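Sequence order for the protein chains is Y and L. Per the numbering used here, the very first residue in the first sequence carries number 132; after that it's consecutive. Per the numbering used here, the very first residue in the second sequence carries number 132; after that it's consecutive.
Do not rely on the hints blindly, as some may be mistaken.
One copy or two, either will do: identical chains are not told apart, so a pair holds if it fits within one copy or between any two.
Derived DSS-like pairs (lysine-lysine); straight-line CA-CA distance at most 30 Å [as the list claims (entries may be wrong)]:
1) Lys817 / Lys338
2) Lys817 / Lys176
3) Lys338 / Lys811
4) Lys817 / Lys709
5) Lys296 / Lys187
6) Lys709 / Lys811
7) Lys801 / Lys709
8) Lys709 / Lys427
9) Lys728 / Lys338
10) Lys728 / Lys296
11) Lys817 / Lys801
12) Lys728 / Lys811
13) Lys296 / Lys817
14) Lys187 / Lys728
Derived from the structure by calculation, the hints contain no laboratory data. Small disclaimer: the values here were computed from a predicted structure and weren't measured.
2 protein chains.
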Amino acid sequence: MPVIFWLVPLSSLLALGFAYYFFKNMMGYDEGTDMMKQIAAHVRKGAGAYLRQQYKVVAIVFAIITIIFAIMAYVLGIQNPWVPFAFLTGGAFSGLAGFFGMKAATFASARVTNACRTSLDGGLRLAFRSGAVMGLTVVGLVLLDISAWFLVLNHFIPEAEMGMKLLTITATMLTFGMGASTQALFARVGGGIYTKAADVGADLVGKVEAGIPEDDPRNPATIADNVGDNVGDVAGMGADLFESFAGSILATALLGAAAFIGFGAEMQFNAVIAPMLIAAVGTMLSILGVFLVRTKEGATQKQLLKSLGIGVNTSAALIVVFSLLILYALGLPNYWGIWGSIVIGLFAGIGIGQSTEYFTASAFRPTRNIAEASTTGPATLIIKGIGTGLISASVPLGIIVVGITLAFGFSSGFQYDAASLNMGLYGIGIAAVGLLSTLGITLATDAYGPVADNAGGNAEMCQLGEEVRSRTDALDALGNTTAATGKGFAIGSAALTALALLAAYFEEVKVMIVKFLDRPDMPINNIPAIDAQFIDFIHHYDIHLMNPIVIVGILIGVLSVFLFSGMTMNAVGRAAQKMVDEVRRQFRDIPGIMEGKAEPDYARCVAISTKGAQQEMLVPSLIALLIPVIVGLIFGVAGVSGLLVGTITSGFAMAIFMANAGGAWDNAKKYIEEGNLGGKGSENHKASVVGDMIGDPFKDTSGPSLNILIKLMVMASVVTVGVAVSYSLF
Amino acid sequence: MPVIFWLVPLSSLLALGFAYYFFKNMMGYDEGTDMMKQIAAHVRKGAGAYLRQQYKVVAIVFAIITIIFAIMAYVLGIQNPWVPFAFLTGGAFSGLAGFFGMKAATFASARVTNACRTSLDGGLRLAFRSGAVMGLTVVGLVLLDISAWFLVLNHFIPEAEMGMKLLTITATMLTFGMGASTQALFARVGGGIYTKAADVGADLVGKVEAGIPEDDPRNPATIADNVGDNVGDVAGMGADLFESFAGSILATALLGAAAFIGFGAEMQFNAVIAPMLIAAVGTMLSILGVFLVRTKEGATQKQLLKSLGIGVNTSAALIVVFSLLILYALGLPNYWGIWGSIVIGLFAGIGIGQSTEYFTASAFRPTRNIAEASTTGPATLIIKGIGTGLISASVPLGIIVVGITLAFGFSSGFQYDAASLNMGLYGIGIAAVGLLSTLGITLATDAYGPVADNAGGNAEMCQLGEEVRSRTDALDALGNTTAATGKGFAIGSAALTALALLAAYFEEVKVMIVKFLDRPDMPINNIPAIDAQFIDFIHHYDIHLMNPIVIVGILIGVLSVFLFSGMTMNAVGRAAQKMVDEVRRQFRDIPGIMEGKAEPDYARCVAISTKGAQQEMLVPSLIALLIPVIVGLIFGVAGVSGLLVGTITSGFAMAIFMANAGGAWDNAKKYIEEGNLGGKGSENHKASVVGDMIGDPFKDTSGPSLNILIKLMVMASVVTVGVAVSYSLF
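Only chain Y is shown next, with the shape it has when bound in the complex (with noise of 0.2 Å):
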């Protein structure tokens, strides 16, 4: 193994030892009086409660999985031998990252409380360092489970001809993302219900009929509605943003292994550790930019947002020249050109989460609009919101569209012939690779919203002083900024990572059927013969756009889209009903809980969102597991292929619609609320409640949902493919 490899592990121990480092740290400081630490408890309760009945739940899941992946192969052979234990190592470790990351956003709230009594800084600093632990763990468990599987099978796949070691390592690999997309899409579908089912029953009730405000300790949902911020936004778009990074790197590592099979060996090597390295590499810069991250007592918005700036900008602005160095290094061909999709790549993302700060901010035009069609009542403002959701999916459908034309053709050069198709692919994937490079800082900026928005419940339901609320005030609606961008950030990722996955997911139907069908008969049998194979397997598996099992398969991968963003939708209300059904019992049984003088029973709202988002979670998710596997054995690949496009391709500009128009009408509401178009408790205020209770599963269960969905029904599709080669109808 090379020296240069050993970074990839390094970097793994060295963002879990900051990690710790910054839990520890973190963990040193107080928690405040009394009643902080009580609530701060109620809710870590709360929160491990969930994480604890989720587990359960997927632990079984994967009981059966592994069963099934067992039977494939080692029954029937029709599936690679090491994904049995490879889909649990990737699910193990993805559900680790979310109980870590988990454990010090809920550890931290109150720390952060607390130090805002002294200081902005002192609070800025605890809180992004708390979402740092989440940030770092991901990426650090990522970066492990991949370098020492690759290790692993390095050492028992046996040498052979003409890089196909390479290609079976790598196309082994791939499948492991499997675990963590399973775990992500029970962590997205369950968390996305439980927060908002705690939502939107907390302000049915608490805001609407009883008239109190937000996190106020008489509503009783108040605490299951903070537990859902973490269970939502910390351990959902942990576990989202995991399987993108490992699915990334990964696909890009197969994509590799196959443009550079006649290059030499060493070449290919080379190539396949590249996404390994930049990986790596932006986990060293995504630590330094950490540091970075501090503010002055008194910073405005606009100071503060600067101070996050800095750290993430600095990261990424390195990214760009240490992967030039990194691939200069492995001494790539045509190494400008895979840079230059590398660049593009983070621009893509840059852009992306530029239109979603845009669409979504009250500083500008598109909500403001929406904010105004207030005037009018609910139903011209949820019009407007509508439309401009839907058009807003045209700005990040175009950046990628651009995106993935330039970042194949700098890597191509722009040819069009069978070699350079592959190079292409290798800098799709790579690009997505370069975008998600600094996750651990960018990640960390996430996880920090839900960590200042439950140090300002914590201030508000405890009454502490003005002072100190105005500065957790300032911490949280820097977190609704940061929340905005990410959520592009997160889409955009699995969008590119997706694509990726796509193309490598016809790598391994190639890998599959000569490694482990050993079907001579078929006329791929010869991989080394790009060119010609290449043909004879569009040919055979007849995936081009007139034949009607692709365009049937593409229609069912709409459908899917479609099915799941409505069944995840309509699991949010009636998970809310339960809890408006009872937050209203509380509200007549437990006298004295409007007075304050009665402590309502919060356990009890904590324990209705978990179970509703544990039942309503089950059917949908297995929809997403199933379709690929029913598809391969009705349709075959072609009809797989064309699920698989038809998924990512709507299902991202669903995910983009629904996180949009929620995003606006939160913003429009809170505009108004500032003292706009009549301020709070106006006609046009509460016209404006009415879309954010809309938007809340929109932007927060349905939408970031389709990000686990577009990427799980590839990866669902790479770990059966067997399924749709040896069994298929047609």
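Since the structure of chain Y is already known, use the hints to place chain L on it.
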């Protein structure tokens, strides 16, 4: 020309003759009291004014496009020389159909009201036969256009080897659909914006602010609202189905010419005229069906529905039998299989209609659940509506998936070699023809709706007696049911037609290259050698899913759907806002309106809606027209192929989502108004009114406009294929 072909022009003349007969007959009835006449005149005048204005704009667009086509044909030589002329006839015929249909509908409404003063059966028959004027004019003019051009081209295009003549004729004729598509685009988008701007505007000020009922003569926007029903549902729907009817026949003729190229001249000819004959016989059966519709006094909703059903179902059942006879008479090979495809098409249409009914009628759970969600306010009602609407899209998508799999399979014998592929694609085309064959009568049931609606409005405004109004109400309620299934039918047929057009597009690419560009360097200059050139074609244009250009195209297709829906949605919002301002102004400035002492200025509201619709329709329409050309210029045939697939699949899903969510909210409101869940005036009712208003642009503007988008994109790509082939960047 074989004798059997003359059935086509004959059926056309029969349809036009009966349309004239029904119109004349209707005109013989009395319009009733002076006030009834006056109100009908208001609506007629408004509709006429709208149509004149609309046709002026469309004439300019047609002039520009014709010039462009002429340059492409005669200067650049990248366009079929017949296209400029054919483009004009298609557009003119479609416009003519809209004109006659609207004339009939606006002359009929008061007469139907008046007939209802005597009997329910009289009212039903009159209303239905007025609708039949539209239905028969549409199919008559389509068949006239097609048969005339077929005779002309058959005369002028020289004989060529090996079936090339028919391939050329049908490829040329397909481009004629462009005129109908362009006309339909403006009719649907403009009409859709008009009708909902008037409706939402009237509701917002009239119902919500002033608290007066619908169709109250004191509301200045009420005439505009009634005009809108005609503009949107008669002219818009008619142009939409004109396009589907023409497109499905023309696409299938071309697919037939390609599939049967190796079967000898006679067989190829018969395959080409088969779709025309099926449409011709279906048209004659439609006329028969119209005569079967009658009812008795005091009929219940169920009985009324049955009365319509007898007409529609008899025609449908007979076409099943007759189409088998036609195929047998033509002696086509595998005529049982092709007949199976036709039957599948018919069943798919029925299935989609039924699913629309299930998801939007208050007799079933989905709409009831949405209504029940009103108990926790508008937010939950809207969440539920969107969730259910999204889920509902999966059913018609599933039906189309099964439908095209079987339609393809029956005609191809479930074989996937190149020759069978062409057969299978012919099967998909003829399934669309089967679905649309009895359009004469199904469109009559659609156009019946606005006539009945306007008749009800007239009765309401003239404050006719209870008995008369109960009769018009019964007719109106029936219209609402047929509107729901009619919408499903329109979307389903648009999707099947678009898929047939897509298959035809690939044929068009080949024919264009060989015939008009004379590029022997391309590997597809030997069309009769189907198998070899087929693979070459795919390879040359790389229209497979591993090509990122194809994926880019699909992404742009999805982008177009979201952008177009969002723009039409916001257009309604803006146009409605102007209407709201005007109605508020009239209530303020014209004293005595509310007391019924002064007449509001109806004409001004009509003018505002007209102007608003014309202004707002231009940008989205131009985008729809330009995107295929721009994608062709940049990304070539591979990009355009992807674009079409992306647009059709996601546009279809989005259209159903919008139509069903909108329909369900509408009926949830009506369900509450019937006295359920608190009835009229309750908080629940208010919540449902919000849902209904949001649903208005969903179901009547953005949703139906997508029907056009998915067909128009293909048509625009077909006529500009020379651009993509000759000048593309990639």
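- Which hints from the list above does the structure break, by number from lowest to highest? Hints 2, 5, 8, 10, 13, 14 not satisfied by this model.
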